[in-house]
Amino acid sequence: MARRYIVVCFLGVMAVLVFSAIAQERADSTSAPKEAAAAPAQGTARASAATHTSPRARAASDPAEERALRLEGEKRFRTNCGRCHQAPHKFPPRVMAAAIRHMRVRALITDEDMRLILRYLTQ
Amino acid sequence: MLTASLATQLNAQTRSDEEVAPVPLLTGSTGFISTFDGGEPHLHPIVTPLVLVPIGQRWVFETRATFETDMVQFPGRSGFHGGPVQKEVEYAQLDFIANRYMTVTVGRFLTPFGIFNERFYPIWIRNLQADPLILPIGIGPSNASSGAMVRGGFKAHPKFNVNYAVYFSTLSTVSPVDSDRFAGARGGLFVPAARLEIGGSFQHGLQDARSNAFGFHALWQPLALPLDIRSEYARSIAGSGYWTEAAYRLNQILFHQNEFRRTQVVARMQQYFVGTNAGDALEPANTKLFEFGLNYYFIDGVKASSNYGRQFSAVGNRNVWTMALTYRFVIPLGPTRSE
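Chains A and B, in that order, are what the protein sequence lines are. Taking the numbering used here, the leading residue of the first sequence gets 1, the next gets one more, and so forth. Taking the numbering used here, the leading residue of the second sequence gets 124, the next gets one more, and so forth.
No lab work stands behind these hints: they were computed from the structure.
Looking from chain A toward chain B, a few residues come up when the C-beta cut is under 7 angstroms (computed):
no., residue
1, 79
2, 84
3, 85
4, 88
5, 89
6, 92
7, 97
8, 102
9, 105
10, 108
11, 109
12, 110
13, 111
14, 122
Simulated restraints on C-beta separations:
no., chain 1, residue 1, chain 2, residue 2, range
15, A, 74, B, 425, 20 to 30 angstroms
16, B, 229, A, 62, 36 to 46 angstroms
17, A, 87, B, 201, 40 to 50 angstroms
18, B, 382, A, 64, 36 to 46 angstroms
19, B, 374, A, 64, 25 to 35 angstroms
Note that CB positions come from ideal geometry on N, CA and C, so glycine has one too.
Next up, chain A with everything else stripped away, as it sits in the complex:
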C-alpha cells in the first residue's frame, strides 16, 4: 500500500513536470517571434532570451540590453527574495553565487530567476 502510494505520488509529479516542461517549451517557441518584433521595453522577454544565450554573447550585448537585464534582475530579486526576508546587501560575487544556489534549493526559485538575480547581484 505504502509503495503504491509513493509510486503514485512520484508518477503524478513526473507527469506534471513533463506537461509543464512541454507547455513552457511551447510558450518559449511561440513568444520568440513576437519578441523579435517587439519594442525594446520588454525586460522579461529579454531576460528569457538572455538566459538562453552564452556568456560571451551576453557580454557582447548592447548597453541598453544590459540595462534591461539589470532592471529585470532587480525586479526578480525583489519579487522572489522579498517574499520571505528583507533584501540583503550585495556580497562578493562568489558569495552571492553560493547563496543563490542555496536559495534555489530552499526557496524553489526558478532557473531563469536564479540566473537573472545572480547576474544582477554580481554586477
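Model the placement of chain B on the given structure of chain A, informed by the hints.
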C-alpha cells in the same frame, strides 16, 4: 528509475553557465530573545550556524545546527539559570540540481509541510519570534525528515511558476536526529506579477496510526503597499488550526523617513483546535492567540523586535511579551575574489 531517467534526459537540455564559481559559506544567525510568558521571564540565547558547500556545478551540501539554552529564574536564587546548551543538527542534506525542473535531496532535511518550517523558521527571517501554534503538525519530530526528496521550481506558464516537493522519510529513533516514517508532497503556484503564492501540502504517515495530514498556505505582497500577508492552515489527527499574519513596513510615512522605513508593524492571529492524538509539542487545549509586534531593521541582517501576545485557552489565559535582537551573518570560507 523514472526520476533518474527523466533527470538525465532533461539534464542534456539544461545549461550550466554559472559564470561565477561559488565559495563555501558559513552563514546563519544569532540572537538573544527574552520572553515574559505568563509573567515568567525567560532568556534565550541562540546561535544557528549554517554551512553551505557548493560542489562543482550542480551539487550543494548544506547543514544547519542550533545551539540554544533557556534560562529562567529559580526561587531563592539570584539571576537566571539554564540547563546545558541544547545542540541539534536541524538538517544535513546533499542536493543535486539535476536540471532546471528538479533537484534531488538526500539526508536529513526540513520537512516541506507548509511553508513556515522551511522558509520562515530562522530567527532573522520570521516577523514574530514565537512559533505558530500549528507548526508541529506535519513536520515530524525535531522538524525534520531523514530520507530523500525531489523538489523544484520552474516557470510553467508565462504568468506563473510552479514549485513542488515530494519526499519520503524513514523512521529514526536516534536523538536528536529522530524522524518519523512518512511520505508527502507539497505544491505551490507563484504569480510574480501579483506577488501571490498559494499552495498545499499532503502527508501520509507510514507508522502507528498511518494517518494523513494536509495543509494550505498563501503569501501575498500587494504591489501598491509594503505589506506582507502570510497564512497557513494545517490539519491532522494531532489537531488543526491556522495562522494569519500581516506585516507592514512604514515606508510611506513622509517624516522621519530614515527611521520609519526601517520599522515594521506586525499582527498575527492564530487558532488551534486539539485533535484526537495531540502530542507534547502542541497546546493541550483549544487556543487562540493574538500577537502584535514592532520590528526595527538597523542594517541588513540586524533586527530588533518586540511583540505582545494574548493567549486565550481553556487551561488559562496569559500574556506573552517578547523582545529580541537578531543578527544574520555571512562568512566566506574561501577566497571571494573572482578568477
